[in-house]
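Undergrad: Residues per chain, in single letters:
Number of protein chains: 2
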Amino acid sequence: MPPPPPAWVNALVPSEPRGPDLLAIERAGSGVEVTRLSELLHTRELINKRSRVEAALIKDPTFDKTELLSMGRVEKIQRSLARGKAMKRLQEKEGWDAEEYKIAHQAAGEPTVYDLHDGMFIVTLREQGTPEQHKLFLEPAVNNKIIGCYAQTELGHGSNVRGLETTATWNQADQTFIIHSPVLTASKWWIGSLGRTANHAAVMAQLYIDGKNYGPHPFLVQIRDLKTHEPLENVFVGDIGPKFGFGSMDNGFLLFNQYKIPHVNMLARFNRVDPATGVYKRVGAPSLVYGTMVWVRSNIVLDSGSSLARGVAIAIRYCAIRRQFQDRDAEAAGATGETPVLNYKMVQVRLLPLLAATYALHFTGRGMMEMYEANQERMKKEDIGDRETVKKIRGAAPEDLNPGAEQLADLHATSCGLKALGSTIAVEGLEMCRRACGGHGYSSYSGIGTWYADYLPTATWEGDNYMLTQQVARYLLKSARAVLAGNAPKNETTTTLQFYLSRKDTGAAFDVLNNDADIVAAYGWRTAYLTFEALRLRDKDHQSWNSLLVHFWRLSTAQSQFLVVRNFYDAVVANPARVAGAVGDVTGEVLRDLFRLYALQTMEQHAADFFTSGAVTTNQISLARTKGISNLLDRVRPHAVSLVDAWNFSDFFLNSSLGRSDGKVYEDMFAKASSNPVNNLTFDPYVDSPVLVKRVAGKL
Amino acid sequence: MPPPPPAWVNALVPSEPRGPDLLAIERAGSGVEVTRLSELLHTRELINKRSRVEAALIKDPTFDKTELLSMGRVEKIQRSLARGKAMKRLQEKEGWDAEEYKIAHQAAGEPTVYDLHDGMFIVTLREQGTPEQHKLFLEPAVNNKIIGCYAQTELGHGSNVRGLETTATWNQADQTFIIHSPVLTASKWWIGSLGRTANHAAVMAQLYIDGKNYGPHPFLVQIRDLKTHEPLENVFVGDIGPKFGFGSMDNGFLLFNQYKIPHVNMLARFNRVDPATGVYKRVGAPSLVYGTMVWVRSNIVLDSGSSLARGVAIAIRYCAIRRQFQDRDAEAAGATGETPVLNYKMVQVRLLPLLAATYALHFTGRGMMEMYEANQERMKKEDIGDRETVKKIRGAAPEDLNPGAEQLADLHATSCGLKALGSTIAVEGLEMCRRACGGHGYSSYSGIGTWYADYLPTATWEGDNYMLTQQVARYLLKSARAVLAGNAPKNETTTTLQFYLSRKDTGAAFDVLNNDADIVAAYGWRTAYLTFEALRLRDKDHQSWNSLLVHFWRLSTAQSQFLVVRNFYDAVVANPARVAGAVGDVTGEVLRDLFRLYALQTMEQHAADFFTSGAVTTNQISLARTKGISNLLDRVRPHAVSLVDAWNFSDFFLNSSLGRSDGKVYEDMFAKASSNPVNNLTFDPYVDSPVLVKRVAGKL
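Sequence order for the protein chains is A and B. In this text, residue positions in the first sequence follow the UniProt record's numbering: the first is 1, and each later residue adds one. In this text, residue positions in the second sequence follow the UniProt record's numbering: the first is 1, and each later residue adds one.
Pulled out of the complex, with its shape left as it was, chain A reads as follows (with noise of 0.2 Å):
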């Protein structure tokens, strides 16, 4: 540890007025129910359990989180075995179950060694594995005698799992699987939990039998020895090296030299390989497996309401304290003293619409997870299940058949084109926010830095944001071509399209500054005119799908900001009473500013979409930004604080100076940094002398 402070340096305060005194003005002057708001966000029981995993956590010194800032990976690696083990250590002390043991692992702030293993790998074996498998791995998996990974992703292959290069050959004569790395690029890459920990993976390897290719299919490979943990022989696996964030990760890489397995390695749930004919046969297929991707990603937009909050809360408190210059009109009028920052109009439109923006995506995140959980209530009853034996039962496409299935499909479309927009909207919210922060935003005690830096894979994994947003629009067309056909199913897809092709002719004049309704099939409409474009470009003009891409985004984009702003609507404005009973009447206001804040910023962000559709005028346009956002941004402008304060984040899970609950902004600054370890150098500065540090406190 670098040498204490001297008195004189401890006796020091702040100057005033003092971040305590300044966030306490700002939560005096709301009247907003943080606690109710929390509740409706959160539920109590779920408060209750973040307050009692984090307060353990807080007792452990592994858990200690600001000495890794300044670690490099050699040291943060070991730093996250060691929080790994002592977490799940804790769990067993404490008997978590499975979302409190979730919980931990967000409050602790960065990934351990084992997530992969906790997560991917067990799952897959659960799901792809036979009773006779689950009792081989599955089970030991479990209680952490064998530590695993999941091996999909190769050096020259990500999204496009067909592409894969390594393979699994059947080999008759020993009945083994045979697997091989035939090219560099065939390397396993970014596999977590891989490089130093796991010693097994399950490894998705294109199957061949007789010179015959099966496509990809998942072996369990051991590839670590149980007792020295060194790799077992034709085995060559590692780290790959640092990253822009996940420094406390092991993303690994792994090949394979004519690397023999045994049969009962092949994960043979779905699909087996006769040992004694080497006959593939298909025994069944992956059931819900089109509802898991729309559960994941499900998940990754209601999550991106929280991730961007975390920078959000932090940025609005420190903008609340953090106090420059003067209003030009307030410095002519002779004012003396400095403007906190968060008065500065320039500062609200850049934070506001964003803390807007965490609540809107909330509120879907959580409204997709409950149309999810209800269809697969309905799909199960109506035994639908498994897709590809309706498919051949039916002779038809899985969304052709019923409404469970038909509403999947739409709900497909509808996660990969929400967590494309919720988690580009998180990605780009958190870096505006550290901008916010002015310089000491780029500090590491900022807290929001490494919190954007291990966020932004999210915009990449479960589908690039830009490759999925294919997926919304081929929805889309196909939609819009059985509107047109008159063979439509009934959702809300549908409807939307229907409306506007039924009042096109007429005009819309939706009155988007006075009816939040009309805001709402404002979005609609536009989103419908860019559908209808699409199809006309595709259909008529025969343009190539390569060249629509750009515009495919486009309405990609559209039809996941209509659904934002629809399930806000459907959360804050529809049922103001349930609102109010939930909240109060304050806080149910508050509530539908943000709503109107979040939908006419937006609207105003693609306001070229909106008056080329006809949906909105120019003048519409140029009043929301004159009159109606300038008057939302005043009226949010008081509850700020309160509102971030309904996030309910605790300061060990922020781990932000800036952004403390207490508004002891500089204190805590200043004692971290005077503690950091680069402190403990004495330099020799002197260029001719060969010796670079003199001495290090407490070393020497």
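If you are wondering where the hints come from, they were derived from the structure by calculation, not from laboratory data. Beta carbons are placed, not taken as given, at the ideal position from N, Cα and C, and that holds for glycine. Where hints are given, some of them may not hold.
What the hints assert, rightly or not - Result set (DSS-like, lysine-lysine): computed pairs, CA atoms no more than 27 Å apart in a straight line: (1) 504/A / 627/B; (2) 59/B / 135/B; (3) 540/B / 627/A; (4) 664/B / 627/B.
Said to hold, decoys possible - What the simulated footprint calls covered on chain B by chain A, stretch by stretch (three residues with Cβ under 8 Å from a Cβ of chain A suffice, anywhere in the stretch; the number is not a length): (5) 19-30; (6) 142-155; (7) 191-198.
Once you have looked at the hints, place chain B on chain A.
TA: Chain B only, in chain A's frame:
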């Protein structure tokens, strides 16, 4: 070092088609004359200097970049000191001039701990010191006998210099100044080279004489012992801790407790305190200070082009090599093999306009530098120089005095707006490039993320990008008032405003799809429209300055986009014969396509302003989208790799596996990954075991 790969791994090669072949095809398919274009951008002389300097760096293992990526801050800062010393020794050995020393820093890739000593400290002593002080302080500083920094920003105050809290109180009794930090927020903060390196600081402090505040002045203060390098008594100094980037710089904090310095340590070229009487007097005024800021910001504009180009070069080369999926139509037509992602329109529309932006910003920066230099010459001749003196003599702001000073006011506003726009484009563009590289963009070996993190502060320093836009708006409002009053000086801004006024009733009707000059005019028209809008809101509707900040920001952005488009037009369109003479006909035509692509794409993204002002119709924008831009992407695509080659970045400079000029992407990723230091560790992954690491390669 981790154990080397076995022979079977070394024998592996990437699957076909391979990077080197793909890049060769790209290069062969373009008629762009890369060498001539390179010389147009940089001059042959600079290109030669760069290769000489880089060759010297590459020979010295101190400048190896790969290891840096995995280091924590304690290691990194020591390496930074080592690199700094090595670079100063190399400078002497190789006889580098100032430009070559700067090139070496750029090529080395990360700052060294001497950067603020070499820059700000020495410049401050030179510009603000008297001849006596030059002898006392500047000479030893230039010889690295004293190492300094420039300590202005404080924990509680960034941009607002008037708000600084550190005090320097004149003590007549012993003719000293007492430097003091009365509050914690007075702590100097973010000061580069201060944390561990400097033994002196140029401290900006509020000068007090007999209880009267004379505002911030510069004082030279010794802070560490010249032998032990320990902080002196009543000085508390250290490193401010980890940051989002800039890990190699010891940004520092600094507090004083009633710390005495002699009279001679107040830098006294412009202001001094009479030691005998304690009377404060102004003995001169910072000449051309206005000009220095213009110069610094013009450099940022120029650098924003090459800073972005670094990311664009990496992304375009890698996207020409990376292949993923097939085009949907190709797949339907039964084609096999995957498509290079650069062929996808969704990738092109993200990368090719950024490629165009690199050229646009480069020519804009160069245009500004030329205007600035011409004007400095002119002002020197006209003996304007000293703003304060002029003000006294003529009782007017300098911009009202004569053409040179008027021009400087225009340049000042221009430089503010363009600094904000250029660095914003570069910051956002770099992240766009990183994401266009897919998953591998997240690896540090992409070379984009670390560069992005280091470049990021450019959006905040030398004027926060949002704050600066007020300067532009203020200048435009003033110009518009002068135009309306009929007493405007004649310059580009007033001409544009006047043209708009003369034509706004008859309308514009610019043919932006077929006439390049009309594109420029449409941008000017939009700025003029927004300026008079702002003027109406401010002067007629009397809206508060604060309520107009968002409008001002939009206005400044519009004005700066106009200037970029106009500068790019001047450089590559206005005189085709000159361009053809420099780079040949084919390349000249490609540069004109880049101009159109940049201008139309930017127009499309800000379509609403262009409609509303009447500069273009909605139909023109639709055509720009469906025909114009799409067609330009097709035209530029074949030249993409050559156009980034022309930036002439060496592989040492780029430090990117993905952006290697030879296309050996996967070999390089793999070699770096397998030798990364995390692979030295053998874990003990079993939860029950208290051991974390069983073995460290080469150590046990």
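Undergrad: Could you grab the alpha-carbon distance between residue 664/B and residue 627/B and see if it respects the 27 Å cut-off?
TA: 36 Å, violated
Undergrad: Please verify the coverage claim for the segment 191-198 of chain B: does it have three or more residues whose C-beta sits within 8 Å of some C-beta in chain A?
TA: holds (count 4)
Undergrad: If you count the residues of the segment 19-30 of chain B with a beta-carbon closer than 8 Å to a beta-carbon of chain A, do you get 3 or more?
TA: violated (count 0)
Undergrad: Within the segment 142-155 of chain B, is the number of residues with a Cβ closer than 8 Å to a Cβ of chain A three or more?
TA: As far as the segment 142-155 of chain B goes, the hint holds, because 5 residues have Cβ atoms under 8 Å from chain A.
Undergrad: Quickly compare the C-alpha distance for residue 540/B and residue 627/A to 27 Å and report which way the hint goes.
TA: 16 Å, holds
Undergrad: Check the hint pairing residue 59/B with residue 135/B against an upper bound of 27 Å on the C-alpha distance.
TA: 37 Å, violated
Undergrad: Run the distance test for residue 504/A versus residue 627/B: straight-line Cα separation, threshold 27 Å.
TA: 25 Å, holds
The structure fails hints 2, 4, 5 (numbered hints given earlier, in ascending order).
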